[in-house]
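Colleague: Sequence:
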Amino acid sequence: MRIVIPLFDGFTALDVVGPYEVLRMLPESDVVFAANAPGPCTDGEGHLLLLATASFQDVVEADVLVVPGGPGARRSLADESLLGWIRRIHATTTWTTSVCTGSLLLGAAGLLDGLEATTHWGAVDTLESYGATYTERRVVEQPGGIVTAAGVSSGIDMALRLAELIAGRVAAEAFQLAIEYDPQPPFDSGSYAKASQEAKNYLAARPRRTARPASV
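Residues in the sequence shown are numbered from 1 upward in steps of one, following my numbering.
Calculated from the structure, these hints are not laboratory results.
Relax, there's no trap hidden among the hints.
FRET-style restraints, in silico, Cβ to Cβ: (1) Ala204 with Ser55: 37 to 47 Å; (2) Val60 with Arg206: 38 to 48 Å; (3) Glu28 with Ala205: 47 to 57 Å; (4) Ala205 with Ala37: 32 to 42 Å; (5) Gln197 with Val124: 12 to 22 Å; (6) Arg87 with Gln184: 35 to 45 Å; (7) Ala204 with Pro27: 37 to 47 Å.
Quick reminder that beta carbons are idealized off the backbone N, C-alpha and C, glycines included.
Using the sequences and the hints, build the whole thing.
Modeller: Right, dumping it as structure tokens:
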């Protein structure tokens, strides 16, 4: 079971690490982090480094592709080298998936035209510009093995669903138990529909932070 997760500077950490923590437990799983070139990639805040052990050129097939989001995903929407690689890998996968604004990369690669999909609530217009129909569902499964997850933390939900599809419900429930994923948030503001206007205004007023380049 080869699971490939592309990295790029400006990824959102939980988009990557959440699904990884679940999918790495699949029987005989082989998780590969790939990037333009092997080496460290920096998250969107410029603090966290993850190591790509393979280049995109080295990776020519996968059983599962998990495309994360983040500010780097938005910056890569016209990067034909990345988009072309996504299209080529998709042709080999059983499951092509995304988390958060990773769905924008799937859309830019032409994989979501005419399909329902989800993304972070702040990226709906961009998603639909690629011919997708946005839905507020947390995890959206579509024909062709395409699965999109909403913002950030929903990647864990998506990975658990994938685990069920691949290894069965008992295995997926065991993985959920292993990571003790039992959400009990102190506030009911985890979706745009539920959040207060004050919370929305607070986010809107926050200055956007630019990630610092990695130093290694």
